[in-house]
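With the sequences and hints as input, model every part of the structure.
Note that this note's numbering has the sequence shown beginning at 2, numbered continuously upward.
Hints in this document: simulated from the structure, not taken from any laboratory.
Check the hints yourself; a few may be wrong.
[As the list claims (entries may be wrong)] Distance ranges between label pairs, derived from CB positions:
(1) Leu-319 / Gln-353: 31 to 39 Å
(2) Gly-26 / Leu-153: 51 to 59 Å
(3) Phe-219 / Arg-248: 37 to 45 Å
(4) Gln-30 / Asn-434: 43 to 51 Å
Using N, Cα and C, we set each Cβ at its ideal position, and we do this for glycine too.
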Amino acid sequence: MPVFLPTARAMICELRVKNLALIEGLNLQFAYDNSGSLVVMTGETGAGKSIMLRAIHLLSGRRSSADWVRSGAELCEVEALFEIDSEHRAVFTLLERGGFGTDSLVTLKRSLSSDGRSRCYINGSFATAKTLAELAGELFTVASQHDQQQLLQEGLHLDFLDTVAGLWPDRQGFEKVFLDWKSKKNRLDELRQREREKLQREDFLRFQVAEIREAEIFVGEDEQLVEEKNRLKNLQQLINLGQESYRLLSGELQDGLVQLRQNIVRITELDPSIGRLAEDITDFTFLAEDFVARLLAYRDGLSADPHRLDAVSERLDLLQKLKRKFAGSIEEILSFAKNGEAELLQLEQMDQEIENLEKEVTSLWERACTLATDLSEKRQGAAVMLERAMVEELSSLAFDRPLFTVDWASRKEDESSLLPSGWDRVAFYFSANYGEEPRPLAKIASGGELSRMMLAMKCLLAKKDMVKTVFFDEVDAGIGGEAAEAVARKIQELSGHHQVFCITHLPQIAARGGQHFYVAKGIENGRTKTSVKKLTAGQRRQEIVRMLAGDSATEQTLAWADDLLAKGEVGR
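Put into structure tokens, the structure is as follows:
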């Protein structure tokens, strides 16, 4: 069996599950060596094998459901321990960026409460589901029957081609230029549209700004005017009260204050001990005289202008009109004017901006076209290699002279045809029968053919990936006979450079596992419970026999099981 060694490796060493669906609790340990890199899981239909994939689903950071929590339990927990090769820089970069340490042992954990709340942890520290998903994507991948259906979605075929060809850096570089061009082009279109409305908008803004600026309003003016209006409405009463108050403080009272001050001076000369009191009384007399002067100034300052009240009322009406028209406060009115002036400046500069943008858009379009064309040429070369590689992989999966081609949709190299992925639209065509023209996958591929095609693609992708753990969930659906044996060989070959987990119904695959776990469902203490146990060599033989013949084992069945197990040993 051909084996290539990965340049970087991530493997799952241990998986702990608690209160997930029918699983009350389990702790599984896995090895990654010459015998144990392929881990198989088998069991009766309905035993709960899919629950194991649900545990992996939780660790991937995807959406979960409170229904997954075991009935009667408050919390479900899934935890996995991974060992990371020192060369797996992508993982260590993510760990360091999130502050999760850079140890070669990495723990992913997720808890799910019965009320639907979920928490994620990396190396014991809280993490977001997005971060968990990003890290999990570097550690493991899942291939399921859902992935087979994705093969029928032609929109994903270009993604696969770019992945196998290692063209994502080129594609992302192009996409960056494309999005920049698209953004600036949209801005240019917007400015051109506004240019047609420019004169009308400028006139409108100038009128509004002039109306505000000519009013010469200022913050707090309305409050001052309200106070003045109230004062003017009571002007005569204020004058009378001011005059009376002035009369009371002046005249005899003021003469008395002068006499008081003279008396205090004389007392101080005769009795210095009264000094502090004398100072206070003297200060009081001067303060009283100051009151008289200020009250006189207030009285004299009261306006006797009969037209002032009308002027204040008109000014308040103007402010109220501006508030209704532009904003609810003077601060907002002034801000409106400031924004209007800024927009006027932009409109005045629009011609220059349009000219600059036209140059930028033209330059970016030319750059995007060049990058898209270069990317397309690389894809066409990669497609030829992909066709050859897929034919080789499919031939090893019991297809007799299959055909696999990449079909290129006709295109126009204009603005409406350019997408963030480039010019190209591709679709995978396939023929399982020699002499038959390849056709779209959705029109001809059966379930068994899709299973093998997905496996072939996974094997190609494995040679491009930084090696991670691969989970296969019953990808052997619809496969039997010679094809089953070929799929078993291919999965075992994949385990030469990946840690592979395979939930399977095929004895051919199960027999090649380096580690074999049996999933069973039973009743314990009145509750249904799913359990998982690692099989011994003897138990493996019994399980292979069961998978071959159920309860009707014969000597021939036993011999067949031994033959399958022997092939598995040779393959390792």
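Hints, one by one, checked against the model:
no. : hint                          : verdict
1   : Leu-319 / Gln-353: 31 to 39 Å : 38 Å, holds
2   : Gly-26 / Leu-153: 51 to 59 Å  : 39 Å, violated
3   : Phe-219 / Arg-248: 37 to 45 Å : 38 Å, holds
4   : Gln-30 / Asn-434: 43 to 51 Å  : 46 Å, holds
Hint 2 from the list above is the single one not met by this structure.
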